[in-house]
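With the hints as constraints, model all of the structure from the sequences given.
Heads up: the sequence shown at position 139 corresponds to 139 in the working numbering, and the numbers run straight through without jumps.
Quick caveat, the hints were computed from the structure, so don't treat them as lab data.
Among these hints, one or two may not hold up.
Claimed, not checked - Below, computed lysine to any residue pairings styled on SDA-like, alpha-carbon distance capped at 20 Å:
#1 Lys214 to Asn178
#2 Lys8 to Ser34
#3 Lys41 to Lys78
#4 Lys85 to Glu103
Claimed, not checked - Per label pair, the in silico range of CB-to-CB distance:
#5 Arg211 to Trp322: 37 to 45 Å
#6 Asn178 to Thr97: 29 to 37 Å
#7 Arg91 to Arg385: 49 to 57 Å
#8 Ile427 to Arg45: 41 to 49 Å
Just so you know, these numbers come straight off a predicted model, no measurement behind them.
We put the CB at the ideal spot given by N, CA and C, even for glycine.
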Amino acid sequence: MGSGGFGKTFEVLTADNKRFVLKVLYRNHPKAVSLFQQEAKVLGRLNHPGIPAVPPDGYFVYWPHESAEPLHCLIMEKIEGLNLKEWLTRRNNEPITQEEAIEWLEQLSDILEGVHQLHYFHRDIKPHNIMRRVEGQLALIDFGTAREVTGTYLNKVGGGQNVTEIISAGYTPPEQINGKAVPQSDFYALGRTFVYLLTGKRPTEFPENPRTGKLLWRDSAPHASPELGDIIDYLMAPFPGNRPQSAKVILQMLAEIKGEAPEGDTGLWPFKNKKNDDREDSKLGKIPLPERTSDSSLRTKGGTQSRSGRRSRPTNLPTTVWPWVAVGVGSLLALTQIYGALRYGLFPVNPIAILANFPNGPLLLRTIDDDVGFAYTVALTPDGRTLASGSYGTVKLWNRRTGEYLRTIAAHNDWVQAISIGPEGDILVSGSNDGTVRLFNFESGVRRLTLGAGG
Numbered sequence: 001m002g003s004g005g006f007g008k009t010f011e012v013l014t015a016d017n018k019r020f021v022l023k024v025l026y027r028n029h030p031k032a033v034s035l036f037q038q039e040a041k042v043l044g045r046l047n048h049p050g051i052p053a054v055p056p057d058g059y060f061v062y063w064p065h066e067s068a069e070p071l072h073c074l075i076m077e078k079i080e081g082l083n084l085k086e087w088l089t090r091r092n093n094e095p096i097t098q099e100e101a102i103e104w105l106e107q108l109s110d111i112l113e114g115v116h117q118l119h120y121f122h123r124d125i126k127p128h129n130i131m132r133r134v135e136g137q138l139a140l141i142d143f144g145t146a147r148e149v150t151g152t153y154l155n156k157v158g159g160g161q162n163v164t165e166i167i168s169a170g171y172t173p174p175e176q177i178n179g180k181a182v183p184q185s186d187f188y189a190l191g192r193t194f195v196y197l198l199t200g201k202r203p204t205e206f207p208e209n210p211r212t213g214k215l216l217w218r219d220s221a222p223h224a225s226p227e228l229g230d231i232i233d234y235l236m237a238p239f240p241g242n243r244p245q246s247a248k249v250i251l252q253m254l255a256e257i258k259g260e261a262p263e264g265d266t267g268l269w270p271f272k273n274k275k276n277d278d279r280e281d282s283k284l285g286k287i288p289l290p291e292r293t294s295d296s297s298l299r300t301k302g303g304t305q306s307r308s309g310r311r312s313r314p315t316n317l318p319t320t321v322w323p324w325v326a327v328g329v330g331s332l333l334a335l336t337q338i339y340g341a342l343r344y345g346l347f348p349v350n351p352i353a354i355l356a357n358f359p360n361g362p363l364l365l366r367t368i369d370d371d372v373g374f375a376y377t378v379a380l381t382p383d384g385r386t387l388a389s390g391s392y393g394t395v396k397l398w399n400r401r402t403g404e405y406l407r408t409i410a411a412h413n414d415w416v417q418a419i420s421i422g423p424e425g426d427i428l429v430s431g432s433n434d435g436t437v438r439l440f441n442f443e444s445g446v447r448r449l450t451l452g453a454g455g
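This is the structure we're talking about:
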């Protein structure tokens with residue numbers, strides 16, 4: 001069936017006419033043997049229709065006659081069909097439909113949910129490694145590069161040690177290229193795979209936003225809805241902490257697109273869109289889903305919302321009150337902006353902060369909304385010029401007055417729970433769920449000291 005640098009693959013037929021794949025490793029290079037055994041171990045533990053099945057005795061070692069080295073062998077289920085690269089090529093690279101994309105993304109997310117629950121992650125998701133069965137179902141193959149998430153592995157990554165690098169151009173996330181892959185690295189590669197499926201073009205054919213690092217692909221997939229595009233961009237976030245933290249989150253968002261989310265569920269929908277240079281940046285906002293009413297409208301707090309998106313007035317207030325309310329609110333907002341501009345030289349300002357702290361002045365003059373991601377903790381430099389926000393594994397720095405993004409410090413391998421900045425503004429200290437406290441040079445981002453696990 002095929003061959004590589006270290007082994008060959010054969011199709012075998014059993015006595016009861018069942019077809020299997022036999023992989024034979026005929027060069028006993030230590031790393032090749034390790035990856036081969038890793039694949040056997042992962043497939044042997046997983047029991048999912050989207051993963052090739054391996055019989056209990058599927059992995060074995062065979063000593064050929066008069067051979068100085070054994071042959072490592074692995075028998076697994078033969079999946080009839082084509083991989084998605086072959087399948088799309090036979091279609092002359094015609095993109096898949098919105099419906100196919102949602103269905104396939106659900107299938108693959110369900111597969112990854114099972115893989116990640118067993119504390120493994122794949123590390124090489126791409127169209128070549130996804131099979132489309134004859135009946136149309138998908139299967140994820142080639143677990144030779146899979147990695148188990150253990151304490152030793154996390155200590156290596158958290159301590160700055162590189163692990164085995166697996167790189168597929170266009171699909172491998174930045175942290176994996178640097179030898180620091182995490183389970184969320186699979187989501188990045190999954191998103192890039194769906195860019196290829198929805199456009200018929202390799203991800204490397206698209207430019208990236210030089211400011212945010214986001215892939216500019218949507219114009220080549222006009223048939224993909226904004227909601228689906230937002231999910232795919234979410235998967236491909238440059239930093240792993242800004243991606244979904246589990247496959248369940250992806251499945252929930254897809255269910256909401258299809259209108260299958262449980263009634264009253266509080267999910268991660270809708271996305272909060274914003275206009276910017278590439279017109280494609282968006283981020284999630286955690287807001288309650290509206291409650292559906294029997295009159296085909298959406299019930300929200302304080303009124304109902306029709307399918308056209310227009311909110312009706314609450315029935316407990318007379319209609320003559322609303323014009324005066326609108327005039328009053330508008331005047332109040334205008335006054336807060338004028339006050340902020342005259343006293344602080346800033347426009348626009350946060351009206352809530354102005355009102356909450358008047359007349360002493362606002363504590364917060366601006367809302368920073370520039371791909372902050374899920375900020376877990378924040379800190380401000382003594383001079384008040386720079387804001388630091390902690391997320392999953394990273395600390396981002398922002399100009400407090402202008403909201404301009406400055407730089408990112410790769411700080412930890414888990415959520416950053418606390419940040420402190422020295423009185424001179426030259427040292428940043430961060431604490432994380434990975435069990436470490438780390439000190440960094442504030443200007444350069446270079447780590448000076450690690451205390452705790454891996455230190």
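Cβ distance range 41 to 49 Å for Ile427 and Arg45, holds or violated: The hinted range 41 to 49 Å holds for Ile427 and Arg45, with Cβ atoms some 45 Å apart.
Can you confirm whether the C-alpha distance between Lys85 and Glu103 stays at or below 20 Å? Satisfied, since the Cα-Cα distance of roughly 18 Å is no more than 20 Å.
Asn178 paired with Thr97, Cβ distance criterion 29 to 37 Å: Distance hint for Asn178, Thr97 holds at roughly 36 Å.
Does the structure keep Lys214 and Asn178 at a Cα separation of 20 Å or less? Roughly 18 Å separates the two Cα atoms, so the pair holds.
Can the restraint linking Lys41 and Lys78 be considered satisfied, given a maximum Cα separation of 20 Å? Holds, at about 18 Å.
Verify the proposed pairing of Lys8 with Ser34, using a straight-line Cα cut of 20 Å. Given that 20 Å is the threshold and the Cα spacing comes to 16 Å, the pair holds.
Okay, Arg91 versus Arg385 on CB: inside 49 to 57 Å? 55 Å, holds
Between the beta carbons of Arg211 and Trp322, is the distance compatible with 37 to 45 Å? 41 Å, holds
Of the numbered hints listed earlier, not one is contradicted by the structure.
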